[in-house]
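Peer 1: Here's the letter readout for the chains.
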Amino acid sequence: MAKITLDNLAHSYLPNPASEDDFALKELNHDWDDGAAYALLGSSGCGKSTLLNIISGLLHPSQGRILFDGKDVTHAPTAARNIAQVFQFPVVYDTMTVHDNLAFPLRNRGRDEAYVAERVQEIARMIGMEDMLKKKARGLTADAKQKISLGRGMVRKDVNALLFDEPLTVIDPHMKWELRTQLKKLHHDFGHTMIYVTHDQTEALTFADKVVVMYDGRVVQIGTPEELFERPEHTFVGYFIGSPGMNVIPARIDGNKAYVNGSYVQLAQGYKPLDGKVEIGVRPEFARLSQSEGLPVKVRRIEDVGRHKIVRAEFFGTDINIIAGEDDHVSADMNRVTFDAAHVNVYANDWRVPGEAA
Amino acid sequence: MEKTVNQKAWFLVLPVLLLVAFSAVIPLMTVVNYSVQDTFGNNQFFWAGLEWFKEMLESDRMWDALGRQLMFSGIILAIEIPLGIFVALNMPKSGFWSSFCLVLMSLPLLIPWNVVGTIWQIFGRVDIGLLGYTLDALGINYNYTQDILAAWITIIVMDVWHWTSLVALLAFAGLKSIPDAYYQAAKIDQASRWKVFRFIELPKMMGVLMIAILLRFMDSFMIYTEPFVVTGGGPGNATTLLSIDLVKMALGQFDLGPAAAFSLMYFLVILLVSWVFYTVMTNLDKKGM
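Taken in sequence, the protein lines are chains A and B. Position one of the first sequence corresponds to residue 17 (my numbering), numbered consecutively onward. Position one of the second sequence corresponds to residue 236 (my numbering), numbered consecutively onward.
Quick caveat, the hints were computed from the structure, so don't treat them as lab data. Here a beta-carbon is modelled for each residue, glycine too, at the ideal position from N, C-alpha and C. Please note: incorrect hints may appear among the correct ones.
As the list claims (entries may be wrong) - Cβ-Cβ distance ranges computed for the label pairs, FRET-style:
| no. | chain 1 | residue 1 | chain 2 | residue 2 | range |
| --- | --- | --- | --- | --- | --- |
| 1 | B | Ile-446 | A | Asn-45 | 49 to 55 angstroms |
| 2 | A | Ala-133 | B | Ser-333 | 39 to 45 angstroms |
| 3 | A | Ala-364 | B | Arg-428 | 50 to 56 angstroms |
| 4 | A | Leu-30 | B | Pro-327 | 16 to 22 angstroms |
| 5 | B | Phe-432 | A | Arg-317 | 56 to 62 angstroms |
| 6 | A | Asp-38 | B | Val-338 | 45 to 51 angstroms |
| 7 | B | Leu-339 | A | Leu-30 | 24 to 30 angstroms |
| 8 | A | Leu-149 | B | Met-264 | 54 to 60 angstroms |
| 9 | A | Arg-317 | B | Lys-238 | 46 to 52 angstroms |
| 10 | B | Leu-339 | A | Ala-364 | 55 to 61 angstroms |
| 11 | A | Asn-45 | B | Gly-330 | 32 to 38 angstroms |
| 12 | A | Phe-105 | B | Val-338 | 31 to 37 angstroms |
| 13 | B | Leu-324 | A | Asp-216 | 37 to 43 angstroms |
This is chain A alone, in the form it adopts within the complex (with noise of 0.2 angstroms):
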């Protein structure tokens, strides 16, 4: 178990990196620390493996140091830097059977048989294979194989750290919340360094203690779950956390007010004036249709997702979705829309600004 720390890390598939575009992952600077359980979560090409694929040792950055407690790996090859990882699809040694592929990690370290039988037979119970011990890998359903994969992964247990890219992609819904709990389970018992990566919000947000939300190449934002629902940095994270994600709607700020289309939005404080593009982002939670108050929308469809509807609007040429409680009456003179002041962001080129006590 140990702390990584990035330093000024950065990354460039091509060989002479040119611009900042050529850079799948662009600089950064962070600290993992020893214990938590982080999710890394993006959209697809956003640099998530990259990053991964780095702290393993699968890859060498083209700059930038990495570090393990304090000591630098960058160049340190993959089985000194002691990490276990599992990858998006299964990998399975074909012609062993399933007990010699979960002992595999451990013989090659040279464990004695009666640890590696004992600690096969426990990883074995944890991914409920205990009864395919002897059969033989091939020929198994996929999500069979990702499990052993997974158990691979947590067979060691004195690894700094324990890396997963996107391992529940091949599973079965009704599995992947029963693994997903084992892991969380796994982490709370041994309290390894967890970093696993998705692009399923709702598994990040239940699997972490710290979600890390990555854009183009880039860490946008790193908090708890809760930080970034309520204060989302980008616009992307505003975006893209969230069912529906967040609104955002091109404004003006004069002082605690945001102007949209002359008219005016209030915000619980005050901003300097903004350059750039210059937007205000609302989360549909806090967004309230209203028959007298606020300003014009033209509702244009109401779903009804069960726990709550979603009404999606059309808000000076913009789209905007509106979260109505289930129990809410909507009708159709409703048609204006209110915001929670406190909970109105404001962001420039994409970033929140943060504001001024009013």
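Let chain A serve as the given structure and place chain B on it in line with the hints.
Peer 2: Okay, now just chain B, sitting in the frame of chain A:
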């Protein structure tokens, strides 16, 4: 839904039947026909029953040729398969040099058999051949026209030169199909280079290797042109492989009956060995090797 029954559909397979009949069945039956008859020329044939088969089974000549043939196929497989795998493992995986290697290795495969024979025949000559002359100059006694060992080494090296590329190309294709994640997982699991080969590369190459072994076995078992051009079956009968012997018998001595019986048994041996080989390999495959 009701099925339409139309027996006329059989006519659709007629072209294939005709093609196969003319290309395989009829020629084969001609051989069968020769194998049970005797002739003294003039196109007069007499029924001989299984006489030729009996004679062939009792002839040392055929057994010796078969022995030499098995030895030849065994030796070239034992060299070409591991060598091909070794070459494939050490080839650049991508980029210019990968394509370069692929083209370079395809070259021997494109050369006609008798040209390959001629190349090596000249290459090995002590008077004008680069190889023969050099060896001679180094004081090594190398003369494939007189020395049995030298003759064998020459035809084996020639076959290895000609066909290892095929094994290497097939093995390379097998290797290329292994996803990166396997190698990455192996690194994470701290597997040694040998274990990566034994548990990842070899099992993933098994399918193509099986094809390579089968192809190389059948091809080498039927080999004729190259050794014939180089040694003509000599010195003595030392490199007279099955098909060389067969041609001698059929065209040299015009013993059509025995030659026909011989070729049928030859054919059966190939069929049998291929079948045994295939069955064993697929069973291994099912059991997960």
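Peer 1: Each of the hints needs a verdict: does it hold here or not?
Peer 2: These are the hints, each one checked on the structure:
no.	hint	verdict
1	B:Ile-446 / A:Asn-45: 49 to 55 angstroms	holds (53 angstroms)
2	A:Ala-133 / B:Ser-333: 39 to 45 angstroms	holds (43 angstroms)
3	A:Ala-364 / B:Arg-428: 50 to 56 angstroms	holds (54 angstroms)
4	A:Leu-30 / B:Pro-327: 16 to 22 angstroms	holds (19 angstroms)
5	B:Phe-432 / A:Arg-317: 56 to 62 angstroms	holds (60 angstroms)
6	A:Asp-38 / B:Val-338: 45 to 51 angstroms	violated (32 angstroms)
7	B:Leu-339 / A:Leu-30: 24 to 30 angstroms	holds (29 angstroms)
8	A:Leu-149 / B:Met-264: 54 to 60 angstroms	holds (56 angstroms)
9	A:Arg-317 / B:Lys-238: 46 to 52 angstroms	holds (48 angstroms)
10	B:Leu-339 / A:Ala-364: 55 to 61 angstroms	holds (59 angstroms)
11	A:Asn-45 / B:Gly-330: 32 to 38 angstroms	holds (34 angstroms)
12	A:Phe-105 / B:Val-338: 31 to 37 angstroms	holds (32 angstroms)
13	B:Leu-324 / A:Asp-216: 37 to 43 angstroms	holds (39 angstroms)
Violated hints amount to a single one, hint 6; each of the other numbered hints is respected by the structure.
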